[in-house]
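Here the protein sequences line up with chains A and B, keeping their order. Take the position in the first sequence, starting the count at 1, then add 9; the result is the number in the working numbering. Take the position in the second sequence, starting the count at 1, then add 2; the result is the number in the working numbering.
Just so you know, these hints were derived from the structure itself, not from any lab. Nothing here was measured: the structure is a model prediction, and the numbers come from that model. From the three backbone atoms N, C-alpha and C, an ideal C-beta is built for every residue, glycine too. Watch out, some of these pointers could steer you wrong.
[Claimed, not checked] Some but not every residue of chain A turned toward chain B, in silico, with C-beta under 8 Å: (1) Ala-34; (2) Asn-56; (3) Pro-57; (4) Trp-60; (5) His-74; (6) Asn-83; (7) Lys-109.
[Unchecked claim] Every beta carbon over 12 Å from chain A, so not counted as near; a handful from chain B, in silico: (8) Arg-40; (9) Ala-42; (10) Leu-48; (11) Lys-84; (12) Gln-116; (13) Thr-119; (14) Ile-145; (15) His-186; (16) Tyr-201; (17) Glu-235; (18) Lys-250.
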Amino acid sequence: MKQVLIGVVVAGAMAAQLAAHHSFAAEFDVNKPVTLSGTVTRLEWANPHIWVYLDVKDEHEGVQHWQCEGGAPNTLTRNGWSRNSLKAMEAITIDGWQAKDGTKSCNMRAVKLPDGRTVFAGSTGGDNPTPKP
Amino acid sequence: MRALSASRVAALLVVAFVGPLLAQAPKEYQPPSGPTPRTAKGKVDLSGVWQKPYVPDMTKDGKNQKGFPDLPFTPWGEHEWKTYDAAEGDYTGACLPFGMTRSMNTPEPMQFMQSDTYLAFLFEQNSWFTVVPIDGRKHGDGIPTWFGDSVGHWEGDTLVVDTVNFNGKTRLDTIGHPHSDQLHLVQKFSRPDLGHLRYEVIVEDPKTFTKTWSNIRTFTLRTDWEMMEYSCEENNKDLWEGRVKVPKYKP
Numbered sequence: 010m011k012q013v014l015i016g017v018v019v020a021g022a023m024a025a026q027l028a029a030h031h032s033f034a035a036e037f038d039v040n041k042p043v044t045l046s047g048t049v050t051r052l053e054w055a056n057p058h059i060w061v062y063l064d065v066k067d068e069h070e071g072v073q074h075w076q077c078e079g080g081a082p083n084t085l086t087r088n089g090w091s092r093n094s095l096k097a098m099e100a101i102t103i104d105g106w107q108a109k110d111g112t113k114s115c116n117m118r119a120v121k122l123p124d125g126r127t128v129f130a131g132s133t134g135g136d137n138p139t140p141k142p
Numbered sequence: 003m004r005a006l007s008a009s010r011v012a013a014l015l016v017v018a019f020v021g022p023l024l025a026q027a028p029k030e031y032q033p034p035s036g037p038t039p040r041t042a043k044g045k046v047d048l049s050g051v052w053q054k055p056y057v058p059d060m061t062k063d064g065k066n067q068k069g070f071p072d073l074p075f076t077p078w079g080e081h082e083w084k085t086y087d088a089a090e091g092d093y094t095g096a097c098l099p100f101g102m103t104r105s106m107n108t109p110e111p112m113q114f115m116q117s118d119t120y121l122a123f124l125f126e127q128n129s130w131f132t133v134v135p136i137d138g139r140k141h142g143d144g145i146p147t148w149f150g151d152s153v154g155h156w157e158g159d160t161l162v163v164d165t166v167n168f169n170g171k172t173r174l175d176t177i178g179h180p181h182s183d184q185l186h187l188v189q190k191f192s193r194p195d196l197g198h199l200r201y202e203v204i205v206e207d208p209k210t211f212t213k214t215w216s217n218i219r220t221f222t223l224r225t226d227w228e229m230m231e232y233s234c235e236e237n238n239k240d241l242w243e244g245r246v247k248v249p250k251y252k253p
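Isolated chain B (complex conformation) (with noise of 0.2 Å):
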């Protein structure tokens, strides 16, 4: 029998003492492979519960996120940002609805259901949802909101959602980057694939940018996971010992 080498005997070693510790190492999760899904009139289905990745500041790269690192501020937009101290009011922290941008960028996943009038987005932020009629119909006039009024229309196989008439209370990001009632949005979604979704979104906002920036990700199907309840008021000790302040909004 042939003798060993010695680097053979420490390739042994490695496969027998470090082999086992990387077989328990945690798998990355790998979404179901497969073709884009349908629905009965052969549009995208973008339904499912997606990992979306977080993103705290939208100028920022990370993973499965294009940021935009330079925001193009107008001077109100600029002394907005530099005055911007979430010590003096925080309005998520007072469990206040976070506005579409924000709550697409919680690490908390989000559901899609659509049918082929309406695609609703379910966020597991504190359990919010807006629902977003997909038929091409236009913008109605009611009065500004938290999360804008959302109208989506189908550009081939990407779902295009634009959302106007905000109220201008919320911040585009966790860090705080700032918009004004005039921000216009729009989301664009397609699916690859099964397991994988493309979601651009485009930021328009005269007031605060001198033009429009936009940030790009990958959502990951997640069929090993289901929504749960997310109650913000439950036990939210930060507002209610005072050390978190909510913002004075002008009525």
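Next comes chain A alone, as it looks inside the complex (with noise of 0.2 Å):
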């Protein structure tokens, strides 16, 4: 089973480059990184931005139903992505940052699949290459 993991990620400053489309800080917290391993339960891949949808397991045994927002699909497009890329049901972690408001609403900024490979998730600007999923 998923266990939620809440710790240090890497942050910083390349968290202001993430959202194109609001500033970062409107919404999201840099002071506050994630790390949640868990199941897609579903991918909403519309603009402004992709939302990915994730049940976590937390200590209790209880499932924790977070959800992540993403760059906006045109970029995504251009950099790789699909709106097939995640599936239902799979298992990924996510990198980001936590809502201000303190629900379980996070800023993507990269997704491990299943195979254990890592790609970017945010707005890249495509400026630089991102690993294909």
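Dock chain one against chain two, each of which comes alone in its own frame, and use the hints as you go.
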């Protein structure tokens, strides 16, 4: 069973680079990095951001329902993502930052896929080569 | 047959095992090469789909971007900058128009379509556009707008687009550098070759800055990209679920 892992990940200056639609600071807290390992329940592939819904087991064997936003579908498409990149029931790990309001919402920086590859999930602007999921 | 030295064996192993991995690395896109294209009337043709550097902070340098590190704020501008908190209101999160500089700063590409009379700025970000007369006419006297009133003229092979009459409701960049309704932008476009566009934006705003400042960028022609639809309102959960606030504008 997957466990909730809320710990320190590399945060810092990259955080502000991730949100192209709105300011990162408008919604997310750079001081609340999260690492979430769980099971994909749904992927919403629409502008202005994709949303990944993730069920994460907590230490009491309960389930936390998280939702995490990624980059815009347009930019992610040009970087090799598609609406089929993540499927329901897949086990993944998301690195990102939690919303300031404390809800189980996060901004994704990277997603570790079932085959072990880690892909960038934010808006790179097309400047940086991104591993294809 | 001469025995292989250890160093040669090592080199061959590198070629045999590392070589294929390198060959699989994604190739960096290279735009087509060639001379500056021109219209039938001899003007530089800026048309094309352009990849722009993402500039969330206009004070910073980046790939294909030269920023302006120390902004010359007036006391009013300094106060606006130091008191800005995006968590108290981010108009872009509400899908309101980004305005000219913040649209030019986005990571999404833009397309230019040009005639003798007009240059159309087609932004993929939120599928917005602005159409600029480039026949040398003067500014009109319309109501202030999010993108301002733009007119263009040619200075040799450089198109100079002059924009005024902003409504003052936007920010210059994602990080939130301020401007006022006195903002005056001068954007200079030239195309040194087929695959590249040189872009300079000069910011003048006597209410916010004590002197003008600029950014200089290089755009890359993307013959492999088509413009895509971008509906900002389609799934704007950040706003709907209350995590992003709309600024309180004075009517």
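Against the structure, the hints come out as follows:
1. For Ala-34 (chain A), the shortest C-beta to C-beta distance to chain B is roughly 4 Å, which falls under 8 Å, so the interface hint holds.
2. The criterion of a C-beta within 8 Å of any C-beta in chain B is met by Asn-56 (chain A), whose closest approach is roughly 5 Å, and the hint holds.
3. The beta carbon of Pro-57 (chain A) is positioned within 8 Å of a beta carbon in chain B (closest approach about 5 Å), and the interface hint is therefore held.
4. Contact between Trp-60 (chain A) and chain B, as hinted, is supported at the beta carbon level, the nearest pair being about 6 Å apart and thus within 8 Å.
5. Taking 8 Å as the C-beta contact cut-off toward chain B, the hint placing His-74 (chain A) at the interface is violated, the least distance being around 13 Å.
6. The interface hint given for Asn-83 (chain A) is met, as the beta carbon of that residue sits about 5 Å from the closest beta carbon of chain B, less than 8 Å.
7. Proximity of Lys-109 (chain A) to chain B holds as hinted, the smallest CB-CB distance being about 6 Å (cut-off 8 Å).
8. With a minimum CB-CB distance of about 28 Å to chain A, Arg-40 (chain B) clears the 12 Å threshold, and the non-interface call stands.
9. Taking the minimum C-beta to C-beta distance to chain A, about 32 Å, the non-interface status of Ala-42 (chain B) holds against the 12 Å cut.
10. Taking the minimum C-beta to C-beta distance to chain A, about 20 Å, the non-interface status of Leu-48 (chain B) holds against the 12 Å cut.
11. Annotated as non-interface, Lys-84 (chain B) keeps its C-beta farther than 12 Å from every C-beta of chain A; the closest such distance is 14 Å.
12. Listed as a non-interface residue, Gln-116 (chain B) keeps its Cβ farther than 12 Å from every Cβ of chain A; the least gap is roughly 23 Å.
13. Remark: the non-interface label on Thr-119 (chain B) is consistent with the geometry, its nearest Cβ contact in chain A lying 30 Å away (cut-off 12 Å).
14. The beta carbon of Ile-145 (chain B) sits about 26 Å from the closest Cβ of chain A, which is more than 12 Å, so the claim that it is off the interface holds.
15. For His-186 (chain B), the condition that its CB be more than 12 Å from all CB atoms of chain A holds, with the nearest at approximately 25 Å.
16. Remark: the non-interface label on Tyr-201 (chain B) is consistent with the geometry, its nearest Cβ contact in chain A lying 15 Å away (cut-off 12 Å).
17. Not every C-beta of chain A lies more than 12 Å from that of Glu-235 (chain B), the closest at about 8 Å, which undercuts listing it as non-interface.
18. Chain A leaves Lys-250 (chain B) outside its interface by the beta-carbon criterion, the shortest separation being 14 Å against a cut-off of 12 Å.
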